[in-house]
Amino acid sequence: MSWDVFIWFAAAAVILWTVGAACAWAGKRSSAIINYSLGIAVFFAFILAMWITLERPPLRTMGETRLWYSFFLSVAGLIVYSRWKYKWILSFSAVMSLVFIIVNLLKPEIHSKNLMPALQSPWFAPHVIVYMFSYGMLGAATIMALYILIFRKENTTEEDMATTDNLVTTGLSFLTFGMLFGALWAQVAWGTYWAWDPKETWAAITWLAYLLYLHFRVARPKDRQTAMWILLLAFVCLQICWWGINYLPSAHATSIHVY
Amino acid sequence: MPFLKKPWSLADGFIFGGGLILLGFLLQAIFGPVNWDLIASPVNLILLLALLVLVTVVYVMREKAGFFGWLGSPEAAVPAISCALFLTIIMGLTAQIPERGWLGNMVTFWPFVICFVWLTVSVGLSAFGGIRRVVHSWKAIPYTLIHLGFFVTLVCATLGSADKRDLEMTLHEGETLSTASTEDGTSYETGLSVRLEDFTMEVYPSGMPKRFASDVLVRNKSGKEISAVIEVNKPLKVDGWKMYQYGYDEEAGTESQVSILEIVKDPWLPMVYVGIFMMLAGAFLMLVTGFKREEVK
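As given, the protein sequences belong to chains A and B, one line each in that order. Letter by letter, the first sequence follows residues 1 to 259 of this note's numbering. Letter by letter, the second sequence follows residues 1 to 297 of this note's numbering.
Derived from the structure by calculation, the hints contain no laboratory data. The beta carbon of each residue, even a glycine, is placed where N, CA and C say it ideally should be. It is possible that part of the hints are untrue.
Unchecked claim - Pairs of lysine-lysine, BS3-like flavour, derived with a Cα cap of 25 Å: (1) B:K265 <-> B:K237; (2) A:K199 <-> A:K85; (3) B:K164 <-> B:K242; (4) B:K64 <-> B:K5; (5) B:K237 <-> B:K164; (6) A:K222 <-> B:K139; (7) B:K164 <-> B:K221; (8) A:K222 <-> B:K6; (9) A:K199 <-> B:K224; (10) A:K199 <-> B:K210; (11) B:K265 <-> B:K234; (12) B:K210 <-> B:K224; (13) B:K224 <-> B:K242; (14) B:K6 <-> B:K64; (15) B:K164 <-> A:K199.
Unchecked claim - Covered stretches of chain A (chain B as the covering partner; in silico rule of three or more C-beta atoms under 8 Å from a C-beta of chain B): (16) 62-69; (17) 136-150; (18) 172-182; (19) 218-227.
Stated by the list, open to error - A few chain A residues that face chain B, going by a derived Cβ cut-off under 8 Å, partial list only: (20) I34; (21) L38; (22) W51; (23) W88; (24) L106; (25) P117; (26) Q120; (27) S121; (28) A186; (29) A189; (30) G191; (31) W196; (32) L212.
Turn these sequences into a full structure, and let the hints guide you.
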């Protein structure tokens, strides 16, 4: 299995997601869930095959982490749809996943088998997978924030807010796992669990930003607009932490995490 | 003092935070950057005690004065997190190179330190509140574990940093050493005698390092000899020290006969681990039970 066949798996997954999303608009819940799940299964089959071919989890390069992001974003979309029944969510998460698939097709990165010694650790897979799951959940929370700010400004329901809060809580729990797994791993690899490396600094920033959202929701439950703006700010921090850091001159000077 | 008595709000919190940042600038101007070496044991133990007394007193007084009650509330958490977030973003946007002044050395910048102290006190008070509620309802457990875990981690990581010994030992094959050097180059006696028997290095066809390892013979204080292989992600533990494979002679590459070991002793680490595992357990329980079951009434 190689990246050459990615386009076929991706096409099959996107077609199944589109059919699923269309069924959701038409109100056919079970066909929506079945088609969408099949799409996720096809996409995951590619990830698994890559895993086997590379003889290591495909988690190292940017392109590889984007695979997981597309995967978890559609999983998050499916969970939200099956629990809260928003008709639009499947279309939105499919489009978001598609964006990352297109980026992977247009900008394939070097996908070698090589894994440098520091990455050869049992912490590697849980650290990155947990982070990508969290990013998927928080991506879905961002979609909710945009939906609320653009379409539901005047008539936001309790349910909209509960959905957003649940997505953030789930995402933040996984973000906490990812960050602390990283700290435990760094302790084993270098004898330092936290060194304020730029990637760590931005991980802390992202974590604090989502904490700010949750505490703001408790302190000012009625001010929904501000809460949604905090969520958008937090998502910007998340993007800087994930890939934006590669373009920050401050990080380039000192980070061991730039890849 | 009337300002302590009055009920505090979110807006007051941002003014308070602004005041703390100004105070930080003042301290920076008077004392220069925070010198973390000064809090090495036993000073950090005294600071720990002082902090615990402070948090306890504020907690007990929470109903006596508006300010004290406010400090441990979500109304204070929002500005406290915002200030810490703001200063950490500045840190993230500037290259952390100490020679470039305070912007390049945020961990010793007074406003940064003060804002994190405020956050710590706030988290500590929330943890106290959580512990009190756990007695009445198990639903407070995730909240309490996360806040208490974060408090323990922040406090022990910060106070413990001054007691941490982080040394580098550069060994040639066949050489035996007992001293290692600190970051600023001073020599330090470890009490261990370390002999590098062999250094091995493997690379991928592309030239990227695949594995590098040191075959060492270590004699500890009581004279016991330990033969072991140290490699990346596989440290060796002797007499409270941990030895990590750090580097090698990069110019020689696979032919390197030099190994650089990192030798670390961090007496506060077990407490930091306690805090980290409490946070992990709390985050897991939060995931299972969901947000706001308990917090919002």
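| query | Between B:K210 and B:K224, is the straight-line Cα distance small enough, at 25 Å or below? | reply | violated (32 Å)
| field | Interface hint compliance - A:I34 to chain B, C-beta minimum distance less than 8 Å | value | violated (27 Å)
| said: Using C-beta distances, would you say chain B covers the stretch 218-227 of chain A, given that this needs three or more residues below 8 Å? | reply: It holds, with 4 qualifying residues against the three required.
| Taking only the CA atoms, is the gap from B:K64 to B:K5 under or equal to 25 Å? | holds (8 Å)
| message | A closest beta-carbon separation below 8 Å is what the hint needs, so does A:A186 meet it against chain B? | response | At 10 Å from the nearest chain B Cβ, A:A186 fails the 8 Å test, so the hint is violated.
| message | Is the coverage entry for the stretch 136-150 of chain A by chain B consistent with the three-residue Cβ rule at 8 Å? | response | violated (count 0)
| said: The hint names A:L106 as touching chain B; please verify it with the least Cβ-Cβ distance against 8 Å. | reply: violated (25 Å)
| message | Cut-off 8 Å, C-beta pairs, minimum 3 residues; does the coverage of the stretch 172-182 of chain A by chain B stand? | response | Holds: 6 residues of the stretch 172-182 of chain A have a Cβ under 8 Å from chain B.
| said: Between the alpha carbons of B:K164 and A:K199, is the straight-line distance 25 Å or under? | reply: Given that 25 Å is the threshold and the Cα spacing comes to 23 Å, the pair holds.
| message | Can you confirm whether the C-alpha distance between B:K265 and B:K234 stays at or below 25 Å? | response | holds (16 Å)
| field | Satisfaction of hint between B:K242 and B:K224, Cα-Cα up to 25 Å | value | Within the cut-off at roughly 16 Å; holds.
| message | Given a cut of 8 Å on the nearest C-beta pair, is the interface hint for A:W51 held or broken against chain B? | response | Hint violated; A:W51 Cβ to chain B Cβ min 19 Å, cut 8 Å.
Against the hints set out earlier in the document, violations occur for numbers 2, 9, 12, 16, 17, 20, 21, 22, 23, 24 and 28.
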